[in-house]
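K.L.:
Given chain A, put chains B and C in place with the hints provided.
As a plain string of letters, each chain reads:
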Amino acid sequence: MIGLEHILGRKGGPRSSGSRPPRRFRLSDSQFGALVSLPGLLLLLLWVGVPLVIVVVISFYRYDFIRPTKFYGFGNYIKLFHDRVFWLAVKNTFIFSLGSTFITFLFGFTSAWCLSRIDRGGTFFRTLMMLPWAVPLIVSGFIWGWMFNPTYGVINDILLKLGAIKAPLDFTADPSLAMFSVILADAWTRIPFLTILVLAGLERIPAELYEAARIDGADIFHELRHISIPMVKGPLLTGLLITSVFSFRSIDAIFSMTQGGPAKATYVLGLYTVDNIYRFLNFGRAGAISVMLLLFCSLIASAYVYFLLKEERWS
Amino acid sequence: MRKLASLIWVVLGIALVALGGDKTPAWQLINWDGPVSAAERLSADEYILPEGWQKAVEGVEYIVYFNSGALRHDPATVVNIKKFEELTGIKVKAIEVSSLILFDKTLSVLVSRDPSIHGMSLTDAPLELSQVIGAGWAAPLPFWTPEVQEIYPKALVDAMRGPDGRVYATCDTMRVYVLFYRPSWLKAAGVDKAPETWQEVREAAKKCREWAVKNLGPDYWGIVFPGKYNLAHMLQAGIYSQGARVLVDGKPVWNSPEGRNSWQLWYDFIATDKSAPEACLGYTWNDYQEVFAKGKAAMMLGFSTYIVRCSNPELAPGVQTDVFGNPVEGGDFAVVAPPKWDANHPDSHRAAFIDFDGFIVNPFADDKHQAAVMLFAEFRMSKEACRNEVLVEGNDAFFPGVYDDPEVLAQIRFPEALRLSAQNAVMEAFPPGSKHSIDILVEYFGKAVTGQMDAQAALDAAQKEIDEIYW
Amino acid sequence: MVLRRWAARIVDHKATAYVLLCVILAVLLFPIFWTFITSFKSLEETFHWPPTYFPHRFTFEAYFGGRRGILTGSPVPIYLMNSLIISLTTSFVVTAAGILTAYGLVRYPFKGSKAALVLFLLTRLIPPIALLLPFYLILRYLGLINTRTGVIFYTIYLCYPLVVWMLKSFFEAFPGELIDAALVDGASRLGALLRVVIPTMATGISAVAIIAFLWTWNEFLAPFIFINSDVLKPITVGIYYFVGDELTYWNTLAAAGVLAIIPGIIFFIVAQRWIVKGLTAGMGKM
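Protein chains in written order, with this note's numbering: chain A, 198 to 512; chain B, 17 to 487; chain C, 283 to 568.
Pulled out of the complex, with its shape left as it was, chain A reads as follows (with noise of 0.2 Å):
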């Protein structure tokens, strides 16, 4: 630590009578702080760099095994734009995204919400709702289809028990609820993240707040509506996108589950990404829906980034 102490020219040595010795290597405070950060960053851009110049690259050769590789251009891309499935993946991605995001939203807004509200077990509860969060996504995705079995599953059992439903629901095989199915596994691992997230934002809000506005007449509703909401937006929307943006490319559940049937009803980019390395062996296609993946997340995260600064700023 010694040596690195003195390049960086911060050495502190015995003082006399408060002034400091001249230095002479005394960097500047931008300087050090891009000389402690950048590394990492470029060891990181090299490490997924490389990976992803491969990706662009061969996007744009025709390389699928079937006709002589050669330098295609834009032709994948263009052929991905008049590609049904890639579309219907499109459709499908957002669905599930959505779909993903706003149970999240739904489950960890309420349990946040009441997580706060609570005096006493407050450390019992959190424990317990963090838990799904504990479970690697590939052992999540087996129970879940395991539950969502037509022949053998609990999930038709508990609905038939109380009354939903008269016959088993066959999970796999109708195409709105497959996709239903999937989003409610792919939700369950998301939303003990983002109650914390809005936990922490609750708990902020000074009980004053509260207080003033039960005597101006304000009801729970009220309350929801012009103090909770309102001030954990964003933590809230920090939640909401990270969950999107990872929903959106988001594949294990699928895998484990439907595969993207029936029908292709459940298929997303990220599965059709796969196929067309490791099934189709369309490393062209591949690499161009990977970019399109990319772009895709970005317009996400670029939501994101705005918000943030906005709230920054604002703050």
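Worth flagging that the hints you see were computed from the coordinates, not collected in a lab.
Wrong hints could be hidden among the right ones.
To be verified - Computed list of lysine to aspartate or glutamate pairs in EDC-like fashion (alpha-carbon distance at most 20 Å, straight line):
| # | chain 1 | residue 1 | chain 2 | residue 2 |
| --- | --- | --- | --- | --- |
| 1 | B | K310 | C | E327 |
| 2 | A | K430 | C | E454 |
| 3 | A | K276 | B | E484 |
Unchecked claim - Here are the computed distance ranges between Cβ atoms for each label pair:
| # | chain 1 | residue 1 | chain 2 | residue 2 | range |
| --- | --- | --- | --- | --- | --- |
| 4 | C | I360 | B | N342 | 56 to 62 Å |
| 5 | B | G233 | C | M283 | 48 to 54 Å |
| 6 | A | L232 | C | T431 | 38 to 44 Å |
| 7 | C | V552 | A | I497 | 33 to 39 Å |
| 8 | B | A287 | C | T298 | 47 to 53 Å |
Note that beta-carbon positions come from the ideal geometry of N, C-alpha and C, so glycine has one too.
P.N.:
Then chains B and C, alone, in the frame of chain A:
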């Protein structure tokens, strides 16, 4: 042009392969067809190693290969590995890879020219081999002399042949389709004999379903089949039963007149007759056979290997009794060869697809290891090894002569049905891009069954998209 | 209006929060409960319809049932140790590097530091699955296929950018006067980080480390593709290999799931205070 592609990888500084100078590759040191011909060595009751093998594999301590699935499901493979280790002193390390994702790992190894894995299995060989061979990802196997090729089923050998005429793979396991049915169920439903044509299957399925709804419950079905990837095999069975083929000029055509009949048949099972559940759309090759093994279906067109599974009370609890609950020795099920289309057709039309796992040698491994894996591959297709496959595991034997063995015949169930199925089974090696085409087919089948499209219109739409893959 | 007043009174009632929480928890925890229950059933019973909510015959055959028992049939302790090695290393490296990076970016901004921050996020937006094959090529070139180091390389990539972002929000919330005071006392900028910032932010930093640990612990795809030897597999891959091609043994599958979940759960129960506190302190600001 493929070289150009490799050039990209190299330019990016990723894939490098250093090939040793002009040294004779080790497998050429082996006299494969030597004093004892390869055909003779393979057909002997006890496999004979080729001359010069010791020198070729000198210093090789072990070979590593990807095995499809866990070894504890492959007791015959374990026996064969042990035998090979005893014979040669070379350890065999089988890496157990779930068949769902085996190809992902294989592809990673091949694209990066990883020399550390010496042999690989291809679970979907009829579709994958053409691509793997075309990409230069499999080493030609020197023991496939013309004589040896004569011994084995021609269609399979052709599927493993490259454009240059050499053979690049061996067969790991093969799976013949047979028609499974529950005799007590058919009888109770008023069907007296095993169905021999697809029309009879349809009628029987309807009756079985009707009877089951009244007597067993709503989740008992006349027939089950896979609606996912292996749907193609079902469609193929329908097409082959009319004496037709899928490939025309090397490209898949599914909407031929025979193809239309077959498509309609499988569609009707679910949508018209309701004798098969809509859940079929979600069934993999394993799922639907499990449904049968659990006793929930009267019939299925399944792998012959499921005979062993269905005979095992623990694995197939549902078929150990008849439909009235009386225990049946050996299980209440029987198999016959796949049905033909209608009664006028010859029995040779009782045909279905034959699926197989291919085994390839990694051409990027060093030559001594390649030679060792080649020995292993050769041993596994010998009569001795194939005999173990049948006796220990109940698999189908790649070496046809095994079925002449009286000991083998005495041990297997339904030998007549198996023989007929194997004899008629059709092998078509699909061109690159076929996995994509089957995905399209599966999708449109789902659309038709769920009522989003007319059945025949869906087939035409699917074919149109499939044509686009090959322009 | 009357209706609304009634509704407001119900929602506002103290008990409502508890009732709602219990309902949500019942839904959230049911899958985990179901996994535990299934793992103690016999194979036969898993196929019983209607399903049994408590095993008729309580059995450990899924765990100790010879070759098909998950504990007797596969080297679970080795898998767990591999998971631990990979996760701890990743977590340590990522947190240490992340602290330096975030400290530099937030405390000593330079021209383009904002852009650098966004760039960090951007690298994590690329769908990992698309990069898997190129990654394999690189690892193979470096001779890191079938090594834990190779997997760690990859998981570092997965965690590092998000760790930086989380730490960034901590450092922004950190009172700058404390650092200034340390600097005036003659500490170097790095010294201030080590002696003032890190001790003060210990909860937050450990929360980030724990999250990185869990992300790595749950990672499946990379070790699955990169690792071949049985003795090097982490638990997620190990159990997948064990059950992947016999999806019908639902009780064994559930037992494997339980084994993969338990360490995470223990970790969570022990660490949950830190995580919640850390996240509360940091992310709430965003």
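K.L.:
Would you mind marking each hint as holding or not holding in the structure?
P.N.:
Against the structure, the hints:
1. Distance hint between K310/B and E327/C is fulfilled; the C-alpha atoms sit about 12 Å from each other, no more than 20 Å.
2. Our distance criterion of 20 Å between C-alpha atoms is met by K430/A and E454/C, whose separation comes to about 18 Å.
3. Taking the CA atoms of K276/A and E484/B, the gap is near 11 Å; set against the 20 Å cutoff, the hint holds.
4. Take I360/C and N342/B: their Cβ atoms lie about 48 Å apart, and the range 56 to 62 Å is violated.
5. Checking the proposed 48 to 54 Å range against G233/B and M283/C shows it holds: the Cβ atoms sit about 53 Å from each other.
6. Checking the proposed 38 to 44 Å range against L232/A and T431/C shows it is violated: the Cβ atoms sit about 27 Å from each other.
7. Under the hint 33 to 39 Å, the C-beta atoms of V552/C and I497/A, about 35 Å apart, fit the expected range.
8. Taking 47 to 53 Å as the suggested C-beta distance range, the pair A287/B and T298/C conforms, at roughly 48 Å.
The structure does not agree with the numbered hints 4, 6 stated previously, though it agrees with the rest.
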